[in-house]
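Asks: Let's have the full structure, built from the sequences with the hints guiding it.
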Amino acid sequence: GAVVSQHPSWVICKSGTSVKIECRSLDFQATTMFWYRQFPKQSLMLMATSNEGSKATYEQGVEKDKFLINHASLTLSTLTVTSAHPEDSSFYICSATRQNNQPQHFGDGTRLSIL
Amino acid sequence: QKEVEQNSGPLSVPEGAIASLNCTYSDRVSQSFFWYRQYSGKSPELIMSIYSNGDKEDGRFTAQLNKASQYVSLLIRDSQPSDSATYLCAADNNAGNMLTFGGGTRLMVKP
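Chains as they are written, first to last, in the numbering used here: chain E, 1 to 115; chain U, 116 to 226.
Keep in mind that the hints are not guaranteed to be accurate.
To be verified - For lysine to any residue, the following SDA-like pairs were computed, each having C-alpha atoms within a straight-line distance of at most 25 Å:
#, chain 1, residue 1, chain 2, residue 2
1, E, Lys41, U, Gly169
2, E, Lys41, U, Lys225
3, U, Lys157, E, Val11
4, E, Lys14, U, Gly156
5, E, Lys55, U, Thr215
Since the hints were derived computationally from the structure, they do not count as laboratory data.
Replies: As structure tokens, this is what we get:
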């Protein structure tokens with residue numbers, strides 16, 4: 001199997017709070033992890049690509065100082081939404097892949113609601 | 116701009132019918148193609164991978180790839196109401212380390 005665990009699954013917090021989301025590959029080593037955001041009734045939007053031990057590559061329009069990504073090991077990547085505001089409310093999903101040309105396996109997603 | 120295009124739907128089929136989902140891609144160097152199913156409010160779930168021209172069957176699902184036409188499809192036989200979801204098509208990039216997703220096709224299977 002290829003299990004990716006993501007938590008928390010749901011976060012509700014006040015504006016200005018920083019929120020950390022964890023993504024773990026449980027039964028395989030992930031060469032690359034990806035972070036997506038999905039607004040209601042819209043398609044997946046890639047935010048950044050993360051390789052273990054190196055800086056994340058952010059997609060155009062995604063603020064790297066706003067969305068901090070740390071990929072400390074081959075099984076763990078974290079996304080921190082710093083000083084979150086209501087417009088950051090969304091469904092954040094991570095995925096991981098064993099190697100190039102292999103499918104991405106998704107975590108269950110984190111629903112973030114900023115009040 | 117590398118793109119993966121899908122008809123957003125909804126595609127409505129009666130229970131027991133064959134659902135045919137289609138996808139085109141613009142990047143000729145793409146080698147790997149994937150179909151994901153996403154239920155409302157949930158994350159995508161991998162259904163099929165296909166790497167070579169032709170058909171690949173897995174249970175009620177058949178993926179078809181035609182690289183010359185840059186076309187990939189997913190057939191769902193004996194459609195069930197539980198198949199109602201959004202189906203995402205994805206193609207890899209030149210380096211094989213990133214996927215481009217289509218916007219998804221919403222499938223509705225009516226009892």
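Asks: Now look at each hint and say whether the structure bears it out.
Replies: Outcome of the hint check:
Between Lys41 (chain E) and Gly169 (chain U) the alpha-carbon distance is near 32 Å, which puts this suggested pair outside the 25 Å criterion. Of the pairs offered as hints, the one joining Lys41 (chain E) and Lys225 (chain U) holds, with about 21 Å between alpha carbons and a cut-off of 25 Å not exceeded. For the given pair, Lys157 (chain U) sits about 15 Å from Val11 (chain E) by alpha-carbon distance, which is consistent with the 25 Å threshold. Distance check on the hinted pair: Lys14 (chain E) and Gly156 (chain U) sit about 22 Å apart at the alpha-carbon level, within 25 Å; holds.
Between Lys55 (chain E) and Thr215 (chain U), the direct Cα distance comes to roughly 21 Å. Compliance with the 25 Å bound is thereby established for this hinted pair.
Hint 1 from the list above is the single one not met by this structure.
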